[in-house]
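Novice: Sequence:
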Amino acid sequence: MSMGQSANTQYTKKVLEESFELFEAIDNEDDWHIIEELGDILLQVLLHTSIGKKKAFLI
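Numbering (full-length UniProt numbering), first residue to last: 1 to 59.
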């Protein structure tokens, strides 16, 4: 079971946005920004996992 097309699209866009920001930080060798973007990506994963569990979409 999935979270729905709209939720999946929104999640995908946010994760891609954060990923591109991470790539930029890596290219710039900006350690602080790399750490910040990794944290942002982790937050998105945890947030959407929690939402999915609450809505019984994930086991």
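Since the hints were made in silico from the structure, they are not lab data. Watch out, some of these pointers could steer you wrong.
Claimed, not checked - Cross-link-like lysine-lysine pairs, in silico, BS3-like; alpha carbons within 27 Å at most:
#, residue 1, residue 2
1, 53, 14
2, 53, 13
3, 55, 14
4, 13, 55
5, 54, 13
Novice: Residue 54 and residue 13 were given as a pair; does the straight-line alpha-carbon distance stay at or below 27 Å?
Specialist: holds (22 Å)
Novice: Given the hint that residue 55 pairs with residue 14, does the C-alpha gap stay at or below 27 Å?
Specialist: holds (20 Å)
Novice: If you draw a straight line from the CA of residue 53 to the CA of residue 13, is it 27 Å or shorter?
Specialist: holds (21 Å)
Novice: Is residue 53 close enough to residue 14, meaning Cα to Cα at most 27 Å?
Specialist: Roughly 19 Å separates the two Cα atoms, so the pair holds.
Novice: Just to be careful, I want the Cα atoms of residue 13 and residue 55 compared with a cutoff of 27 Å; is the pair within it?
Specialist: Satisfied, since the Cα-Cα distance of roughly 21 Å is no more than 27 Å.
Of the numbered hints stated above, none is contradicted by the structure.
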